[in-house]
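2 protein chains.
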Amino acid sequence: MSEAVNAYVAENEVRLLDELLALLRIPSISTLPEHKGDVLQAAEFVAQSLRNAGMEHVEIIPTDRHPLIYADWLHAPGKPTVLCYGHYDVQPPDPLEHWLSPPFEPQIRDGNIYARGACDDKGQMYMHVKAVEALQAVHGKLPLNLRFIIEGEEEIGGASIAKFVAANPAKLKADVGLVSDTALYADGIPTLCVGLRGLVYMEVEAAGPARDLHSGLYGGAAPNAVYGLIELLAKAKDANGTLLISGIYDDVDEPAQAELDSWRSLPFSEREFLEKEVGAAELVGEPGRSTLEKVWSRPTLEVHGIAGGFAGAGAKTVIPAKATAKVSMRLVPRQDPQKVVALFRRWVADHSPRGIRTEVRVLSGGPAVVVNPDHPAIRVAARCFADTLGRSTVFIRSGGSIPIVGDFAQHLGIPTVLMGFGLPDDGLHSPNEKYRLQNYYTGIKTIAHFFEQYGEGH
Amino acid sequence: MSEAVNAYVAENEVRLLDELLALLRIPSISTLPEHKGDVLQAAEFVAQSLRNAGMEHVEIIPTDRHPLIYADWLHAPGKPTVLCYGHYDVQPPDPLEHWLSPPFEPQIRDGNIYARGACDDKGQMYMHVKAVEALQAVHGKLPLNLRFIIEGEEEIGGASIAKFVAANPAKLKADVGLVSDTALYADGIPTLCVGLRGLVYMEVEAAGPARDLHSGLYGGAAPNAVYGLIELLAKAKDANGTLLISGIYDDVDEPAQAELDSWRSLPFSEREFLEKEVGAAELVGEPGRSTLEKVWSRPTLEVHGIAGGFAGAGAKTVIPAKATAKVSMRLVPRQDPQKVVALFRRWVADHSPRGIRTEVRVLSGGPAVVVNPDHPAIRVAARCFADTLGRSTVFIRSGGSIPIVGDFAQHLGIPTVLMGFGLPDDGLHSPNEKYRLQNYYTGIKTIAHFFEQYGEGH
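Those sequence lines, one after another, are chains A and B.
One point on numbering: in my numbering, the residue at position 445 of the first sequence is 445, and numbering is uninterrupted.
One point on numbering: in my numbering, the residue at position 441 of the second sequence is 441, and numbering is uninterrupted.
In case anyone wonders, no lab produced these hints; they're calculated from the structure.
In this text the structure is predicted, and so the values were computed from the model without any measurement.
Just so you know, not all the hints are guaranteed correct.
Below, in silico cross-link-like pairs of lysine to aspartate or glutamate (EDC-like), each with a Cα-Cα straight-line distance of 16 Å or less [what the hints assert, rightly or not]:
hint	chain 1	residue 1	chain 2	residue 2
1	B	K235	A	D94
2	B	K322	B	E359
3	B	K163	B	D64
4	A	K163	A	E277
5	B	K339	B	D238
6	A	K79	A	E456
7	A	K322	B	E97
8	B	K322	A	D64
9	A	K79	A	D18
10	A	K235	B	D238
11	B	K171	B	E97
12	B	K322	A	D187
13	A	K276	A	D175
14	B	K339	B	D250
15	A	K276	A	D94
16	A	K322	B	E359
17	B	K276	B	D187
18	B	K79	B	E19
Same shape as in the complex, but just chain A:
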């Protein structure tokens, strides 16, 4: 491990943090049109950081929605090329009332940075930039070739980067991708993620009467759009959470026995998971499967939100005309997003209640990914990670989705190292999202170390 890089990080701790906090103060919420200017500001901030770190050809590339950032440094002939990916956009912070400090006014408490995007993904994406800065400062050059492609639409489906990657394989030519948007299996355990679930995200709209009706005068004879949507969606799963959408399990494979065995060997307390992370009355889901199996290797259907009728304070006695739900399905390897959408559409058509017209709109989608743990870059990464944290690296899957990994595989023909430094309780997409300050510094060092080692061909 390069002591010089470690020393650089130690000497610059305050400034490295201050710069990240400045980025976290920009409310770059990609899904909300009123934050379009903030998203652009965050892009400019990241581009300037790349220039300051010594990257070249830094470009802000306009898209249909939020810009991409490209940069490269290609002065290491004969050395491999790593393509770093991250995203500078964040999820909306609501419900705001549950935040202990405002989501865009980062606060350090108990060694954590609290802010929307602290971990997902500003804090992690920024480690790549700072690893470059450290290597340039220490060596005056980089130990391998690097490209960056950073997007501002990850939280809204990533349509622009998907198009860009498909259209520009030469510009992004590399040997391996590097993404830091995942978590350590547990604090202190070096972890590489070798599998991600896919996702299809949809809106389901139900329409009943032509207008909201008085529930006294029409109740008992007129269809109710909210109730119709409730009736429909309730049929998607049985009481255990097993999906009832016809054909949905056709392409679902069980994980290999070796992988299942390795999952079983991981430290895992169902009770801690329930009490510290989930905080519900009990865990649910398909019977006969471990929690890790459920979240890593099984497809799911979730309703993320529902709206319709009168939801203000007090009482209003209407039969609502319309209702909408946000519905997604997580996919596992071999499930084809388009086929899943088609199965869902057919299921909705077949199960829509009497008197209710339904419509399904697809917002985004991407397949699940698996990475071969024997790839040279993965082996180097596993060793560097183990060196930094002083114990062996574990290989896990994640239940989340990082669509870019599928795009890199399909259009660039490269695997991706998923080397993340988050913690399982970082509260991504939740109030009080946090990122462990120490992990930010550890990440910068580990990534610089990985660049050095992979560049040297070890």
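Mind docking chain B on chain A? Use the hints.
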């Protein structure tokens, strides 16, 4: 029929309308705290109108929420006393985008007044005031004794007036109540309503995880509050709309054969009801029952609105921690609201999905009412109504709820004449609520005529 009153109404048409329009311009939405001042302004407007009409002892009576208005005129010894009731509060106007003209800027189109509250109940309540004005102008006195009690909380459950009636039976002593908050069975058909459904209005809250969770990392193992609420509520009815809440039909009587026969003799086109009023793909509800039976004589459960999770534009992949639904049940005669609430609470407790904690909060409730059509006041009202419109009066029920009628029966021991002049397509609680201008004038005349005839003992 008093030609003098008719002439007075004809001569004052413009002013009678202008005054109603001024009242309709006040956005007295009782359920929204930000409109509290408007509700008070509407109360003051109505109180002043009562004074101007010649009513005495006009009082604005403060309550825990919105004021009551009391007035009397008791100078007809030996004559009966009528207690006039109405409400000056209105439903929220949302969804605003469906209104052709703003809800609180009344517009006359095609002989109708379009405004929130035009029919329910400002336009109808105001007819009582104007009938008094006409009689005073023409005769210099009233033909019987009158009391008014007008509330500002009808659309939010009427808690204050219920308390007031229970506590002040002497102050409200009368022979009969008069309420104009119902509709003609069809345009031109004089109609008295002799039955109303009751109502219990509740909020059901579901809680899953302690905070919103990332649906990728936890999906498949963590309970989802929105989905849990969906699963629960879907179990309340079968696919036909028959209620599945245990014990709910125990106290439900079938209407008498004579009443059913009379309903069958009413002009009714299921197709017109569907196409002109409901506007859905089809009508629904319990099989083997006519539409009038369903809406007049059967209990129902409706979900008026549901909210939870992320419902903004675009995508957010959370497993929501909380969800809430507004749920009401309409009741028929003999169903006890408290017993129904208890059955519902037990049903919720028994059917809450795994991992979901549920809570039921009751917002308001009142029993169903039936009125004896042979009461002298009802007979006089039926004759006056028939005289004004030139055909015989029909006796119907309404699926709606007017809790005050039950309070009058229970605490004052009096029946209530439900003499309303709305039309079935007036769009109560909906966008583009309207009131037929002609019915406003007809109502003033018919009510004045009823006061004259009932005062003379005919």
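Evaluated hints:
1. B:K235 to A:D94: violated (30 Å)
2. B:K322 to B:E359: Distance of about 11 Å is within 16 Å: holds.
3. B:K163 to B:D64: holds (10 Å)
4. A:K163 to A:E277: Status violated; Cα separation ~36 Å.
5. B:K339 to B:D238: Roughly 22 Å separates the two Cα atoms, so the pair is violated.
6. A:K79 to A:E456: Roughly 8 Å separates the two Cα atoms, so the pair holds.
7. A:K322 to B:E97: Answer holds: K322 (chain A) to E97 (chain B) is near 13 Å, not above 16 Å.
8. B:K322 to A:D64: violated (35 Å)
9. A:K79 to A:D18: Violated, at roughly 33 Å.
10. A:K235 to B:D238: With a Cα-Cα distance of about 12 Å, the restraint between K235 (chain A) and D238 (chain B) holds, given a limit of 16 Å.
11. B:K171 to B:E97: Given that 16 Å is the threshold and the Cα spacing comes to 44 Å, the pair is violated.
12. B:K322 to A:D187: violated (29 Å)
13. A:K276 to A:D175: violated (39 Å)
14. B:K339 to B:D250: Given pair K339 (chain B), D250 (chain B) holds - Cα atoms ~11 Å apart, limit 16 Å.
15. A:K276 to A:D94: Between K276 (chain A) and D94 (chain A) the Cα gap is close to 21 Å, so the pair fails against 16 Å, i.e. violated.
16. A:K322 to B:E359: Between K322 (chain A) and E359 (chain B) the Cα gap is close to 25 Å, so the pair fails against 16 Å, i.e. violated.
17. B:K276 to B:D187: holds (14 Å)
18. B:K79 to B:E19: Judged against 16 Å, a Cα distance of about 30 Å means the pair is violated.
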